[in-house]
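Asker: So the chains spell out like this:
Number of protein chains: 2
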Amino acid sequence: MTIGSHLKETDIDHLTRIVGRERLSRGESVRFLHSHDESFHKPCLPEVVLWPRSTDEVSRIVAHAFQQRIPVTPWGAGSSLEGNPIPVSGGIVLDLQEMNRVLAVRPEDFQVDVEAGVVYKDLNRILEAEGLFFPPDPGAAATVGGMIGNNASGIRSVKYGATRDYVMRLTAVLSDGQVIQTGSRSRKCSSGYDLCRLLTGAEGTLGIVTEATLKLMGLPAAFMAVRATFPSVDHATRAVFEIMRSGVTPGAMEFLDTDIVGVLNRDRGLSLEESPTLLMEFNGYSERGLEDEMLFVSEICRDNGCLLLDRGIGPAERKRLWEIRHLTHESIRRAHPGLKSLSMDVAVPLSRYSQMVAHIKEIVADLTAYIFGHAGDGNIHVVVMDDPENEERWARVEAAHSRVVSSALSFEGTCTGEHGIGLGKKQFMAREHGESLETMKKIKALLDPRGILNPGKMFP
Amino acid sequence: MTIGSHLKETDIDHLTRIVGRERLSRGESVRFLHSHDESFHKPCLPEVVLWPRSTDEVSRIVAHAFQQRIPVTPWGAGSSLEGNPIPVSGGIVLDLQEMNRVLAVRPEDFQVDVEAGVVYKDLNRILEAEGLFFPPDPGAAATVGGMIGNNASGIRSVKYGATRDYVMRLTAVLSDGQVIQTGSRSRKCSSGYDLCRLLTGAEGTLGIVTEATLKLMGLPAAFMAVRATFPSVDHATRAVFEIMRSGVTPGAMEFLDTDIVGVLNRDRGLSLEESPTLLMEFNGYSERGLEDEMLFVSEICRDNGCLLLDRGIGPAERKRLWEIRHLTHESIRRAHPGLKSLSMDVAVPLSRYSQMVAHIKEIVADLTAYIFGHAGDGNIHVVVMDDPENEERWARVEAAHSRVVSSALSFEGTCTGEHGIGLGKKQFMAREHGESLETMKKIKALLDPRGILNPGKMFP
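Each protein sequence line maps, in turn, to chains S and G.
Numbering follows UniProt numbering, with no gaps: position 140 of the first sequence is 140.
Numbering follows UniProt numbering, with no gaps: position 147 of the second sequence is 147.
Source of the hints: derived by calculation from the structure; they are not laboratory data.
Below, a sample of chain G positions facing chain S; criterion: calculated Cβ distance under 8 Å:
no.	residue
1	N150
2	Q181
3	R185
4	S190
5	Y193
6	L195
7	T200
8	D292
9	E412
10	T414
Using C-beta positions, here's what the derived DEER-type ranges look like:
no.	chain 1	residue 1	chain 2	residue 2	range
11	G	G131	S	Q427	37 to 43 Å
12	G	A221	S	S54	49 to 55 Å
13	S	A445	G	S5	31 to 37 Å
14	S	D56	G	G451	34 to 40 Å
15	G	E128	S	R288	27 to 33 Å
Glycine included, C-beta positions come from ideal geometry on N, C-alpha and C.
Kindly produce the complete structure, drawing on both the sequences and the hints.
Answerer: In structure tokens, the structure reads:
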């Protein structure tokens, strides 16, 4: 008897022998939970969900899948926004949440060894005791494995970079089940091809990352948080450019358009001024140094017509000012019950940021759209709320998406600053990468010759 | 008639049609100049040297080489230390020094577009006017293309990272002559496989980089330079660890062993204290902030028995303190006329730095060896001066090298922090990379199926 389209009873028996009965499920509700991420993309049920507990188990599962040509989709927290972990070809979902051990904290080397299923927020709670942290901060309850898959970043990336910049060593299971370790514990390394960074951002299509050594940073000693409002989007985005151009390095530099501040006020019972807003953070070694930076930044804001400058020093003030940013996505969703969100994620060179935001505002003028972003990185998110079941309306949403991406590419930007390609951006790969897409496809065919690893993703 | 073993007269005719007579040479002296780098490795003459002036010319040359199975070795400044550009199989040397245009400085985006033959020191002179710089600083007159090939780094990497961290976009010619562009001008990008970083550090074995967009940093406004001497190597290296562990980020953190200070004194007419020495730099936004850091660092140095602390603020003092470091390699060579140098380049996690240096001192005790390094990165160089023609002596040098690398690998470090693999480190690839070496070989075979790109390098 065949289950779904790939797995036979003999496969289930074999997989059960690897993980045991209690870490294999064919139950409807479990399969449903692993059929969708946080995006609007259509759910697809896997045929079976497995929870391996070791690299060796993953290796044995994948070796079997290779032999039997069964699709394998790795699963972190399911918090992706582009359908990255949806098992569109069915087969096996490999849920790594039971591989969530912090294997070794090495404060003396600013490193930590983790399994791929560790949630980064949990990791940072553990690291705090050592005065250390893993900077990439995508906001959701993402796992480290998912972050590596998508090369995740977030509000801290303007200063600290993306996940790619923190991956020192990886253990990965290749498509035939072979286990490789790649990278080095050394801060510097010029030895051989950079397989760590080839696997980072590959969304599990080239291998399944099971363990990682991550570089850590020292928690900054001093903080200063600032909320600044502006009379227009153009004033706000020009201030972003001038601050970044000045060489100051904010620890975060976020833009929120007026509508979002309104949604936040209503959803959270706040009374923030409803104007284009910048949320900034500065952090460093001493408050004296930060004050110098802050004076400088205030001046730039004032020169750009800043209406209000709310600043605070220290952890409590930081928390107050940042709370609103972390809830943006949730508050927008709650304001539109029954609708789904399409989350755009373009990024452009900083000098084009103002133009790009202005252009987006025109493109999405007729839609229910919210614009915000990691401004200091040139990253812009547009969350459009609509109904994917309404074909005509959703076609307009997707047409707007396509126009926004085209515009970002014409500014020499990217279709995805941090969410990855998944399903939602596949259509833009050829436009963005041109001839080099062929090289990517060749690498995919080389490392996954049977096409079993997260099939249907990344490539058009 | 056959020239060398690969090129026929018809090939020369074809290549002449691409670059013209004046940019093709078969002259003995030109070939000799392109037969060796700065290492002890045995020179090998190429059959012909070409100086292309555009990506299109490189593409046409490589397409012909592909068709005729002629080896092509790209050439930057010839300043490598591992034989990386030596044309061991003869064939064509592609000297990129005429592709040395700075195509566009984009200060508003902290980016520059360059051709691969630009010398990074020339580039930084141009960028200075904009208050910007390209941080990786390998010391020699390296070209950007060579730096990308070797993922070069140097004294600034402790704060700013390696070349890999600054490559945003690349134009590369693949082994069949196809031209690809990969990467993005966006600071953030999660789109597709990271081919930029696959090509960076690949030493021209996967493709020939002809153009690059590099990320730039703002020149720091304030500097503080420090020279500290210690009663023993162990005191000095422990101070390094404690400073780095404290979370302070020096702009440079260099270690020089006693013998080197002696060589520098004699070669440069200096009168520095001949003890294990740290050279440090701190740079940042304001001198006030730096003073706080400096007080802290001074305390750590004193706690570790520091004998002397010579510090200075501002560009002139910085120049005075750093001049000695830049001349180290040259001064060592001048102290031993007639001998060649083998330059070791291991790097280990910081917590193992003291042990590693102590261990190296034992291993090289009977050799003419100088120990220094980019201590803040865990990178240790040992320059051994000896005569490669004296087989018995050179065997001892190589045995010591092998022991030093084994020791670094047992500390979970790397055989090369910054010089790359070239010829000199090939023998350590299997030990360092284990199973993942097979994946690297597969990628090489995929992207260079005829093995014409810098053959004989990287792989054992």
